[in-house]
Amino acid sequence: MSAPSPPMFTPQAREVALSLGLVMGRTNLEVFADTLLMLAKQNRAVIAVTSDSRGSGKLGPFGQSLPEQIVEVGIAEQNLVGVAAGLASAGKIVFAVSPACFLSARSLEQVKNDICYSDMPVKLVAISSGVSYGALGSTHHSLHDVAALRAINNIDIVVPADNFEAQQAITLAAEHKRPIYLRFGKAAMYSLPSPATQGDRAGESAFAIGKARVLRDGHDLCFIANGETVIHALLAAEHLKQRSISARVISMHTIKPLDTAAILTAANDCRAIITVEEHMIHGGLGEACASLLLQAGLSPKFAIVGFPDEYTVTGAQADIFRHYGISMEGLGAVAAELLAR
Amino acid sequence: MSLTDHQLRQKSLQYRKQVLEIIYHAGAGHTGGSLSCIDILNVLYNRVLRVSPENFGSPDRDRYIQSKGHSVEALFVVLADKGFFAFDELKSLCRYGSHFVGHPTRKVPGVEFNTGALGHGLSIGVGSAIAAKKDGRDCRTFVLLGDGELAEGSNWEAAMCAAHYQLDNLTAIIDHNTLQITGRTRDVCANAPLDEKFAAFGWEVMTVDGHSIEQLTSAFQPASPSRQTVRPRVVIANTIKGRGVSFMEDVGKWHHGVPSKEEYVKAMAEIDVTMKAER
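Chains as they are written, first to last, in the working numbering: chain R, 169 to 509; chain H, 3 to 281.
Hints listed in this document are in silico derivations from the structure and should not be mistaken for laboratory results.
Keeping only pairs whose Cα atoms sit at most 25 angstroms apart, straight-line, the calculated DSS-like set for lysine-lysine is:
| # | chain 1 | residue 1 | chain 2 | residue 2 |
| --- | --- | --- | --- | --- |
| 1 | H | K278 | H | K263 |
| 2 | R | K209 | H | K135 |
| 3 | R | K345 | H | K109 |
| 4 | H | K13 | H | K93 |
| 5 | H | K109 | R | K280 |
| 6 | H | K278 | H | K19 |
| 7 | H | K93 | H | K19 |
| 8 | H | K19 | H | K268 |
| 9 | R | K209 | H | K136 |
| 10 | H | K109 | H | K84 |
| 11 | R | K469 | R | K379 |
| 12 | H | K136 | R | K345 |
| 13 | H | K278 | H | K268 |
Facing chain H, a subset of chain R residues (Cβ under 8 angstroms, in silico):
| # | residue |
| --- | --- |
| 14 | E236 |
| 15 | V239 |
| 16 | V241 |
| 17 | A244 |
| 18 | Q246 |
| 19 | G250 |
| 20 | V251 |
| 21 | A253 |
| 22 | G254 |
| 23 | L255 |
| 24 | S257 |
| 25 | A258 |
| 26 | G259 |
| 27 | N281 |
| 28 | Y285 |
All of these numbers come straight from a predicted model, not from anything done at the bench.
Note that CB positions come from ideal geometry on N, CA and C, so glycine has one too.
Looking at chain R on its own, in the form it has when it is part of the complex:
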């Protein structure tokens, strides 16, 4: 189903993106599919398990070129995760691929018991996450998944913010010894500034699961964001410069384990912290940061931007983001208000 696709940015925000020299890349989903195919060609133990999701997971070419390394279970997410656990127990490197809304809810007990409690290092690949399926309604939104999984022992959670992070996360996940949940959407991603994309080869090793990526320095305010919201925080930081506000931007791609040092440093350096996530405000990145800060005795001005506890408005992801203030303008307004408090 193809829904209308409104522009990601306002004309003003697009101007800011251009001024920063940001380049639109591919969707993280495409990066995932290509990376997985490459990994699977190198190692026959790599198996993709799908629940009628090979199309939505862009795994058509994978299925055609490596039919022996894909296991299709049909529309049966509970079975998807159980089968993935069984395959992993026999030494397979398993990527279980399904839309985030189903993978994290329909099969949550299998994730809890068969993967996490049984310590099977399955890679749960949650595609079309958040409100990627915005127009399809709440059945297809996953705004609960990070909260649900944060409350389960023995699983790491990674939400990459651009193609670089996605490629790195998927590659590292293959060797990861613990269960891991990779979450990404369907939008084309801008390449975010980092040593690696500025031609510094050494920077490529800068990505590590559990290590935040500082995209921009600043000392008045820090945006801590992840996934498809990070670009909006970055534009807001640039926009705020006009008001003489210096904003740091951190891509907190790993929510579990959290890079506590990066958050504490930000709280010591900056007067205010704003977290941004494509998730319910309960139980996600924002609350993880708030909990850390309070327990560390730090109390910067603090705001959580995400989805409120209400029936989520529907439409394209870009429309929904704007509705809830996940935009350059919306985040800029939150920042100005917070700093003036």
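For chain R, the structure is supplied; the task is to place chain H on it using the hints.
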């Protein structure tokens, strides 16, 4: 050294006593279901499964996944007998900090998977069996299910998938004791006819007396190379909950009933009489 049918029958009686002993000392456990499936585990571990403490790390070992995890006392007793750990360690069953908890956990040597929430084991078994096929290993996977457990829809997702992948290296065993915690399975959520249901899902179906060493042995033999169709197999093992102790047999309250001192002494004496009679 292979054991005779007679020796296995004696072993089942010994296992029954040990199940009662550990449940009595722990003051907790699933007595009825452990006694209904003990003959199945006996035949599997002593006659069928290529599983031992020595080969447990080998990818070629057979797999046993106990989906009806609450009958863990039966599994622990058999694993102790197979030498995975000393029987005395089971004195810590359900005690603070013990890894002998009320459902299977991989912290216990010999346990393949953490189970206990129902409706999980068959999917895990499907994954294990698919992996064996992909690797060209001849190892087999066995999954023990409860009949009440079959109300969990995930079993039927797995059943469909197993037939789709023609997993003739997978055997599901149903401990068909017809009782669950609330009462008769037919009154709680009727699942009959199980044979026709599994046949319709594309499985080879065998129905046996789940307390007969001979019938269980026969049902667990590998598929004949000359078979016409390649299918997963289900063994519907007709059993009696609480089997072996007259006052526990087919009585729902023994699902997780723990014997009093008098009941324990009486039950042990009764099994001793049976052992002597069969000698």
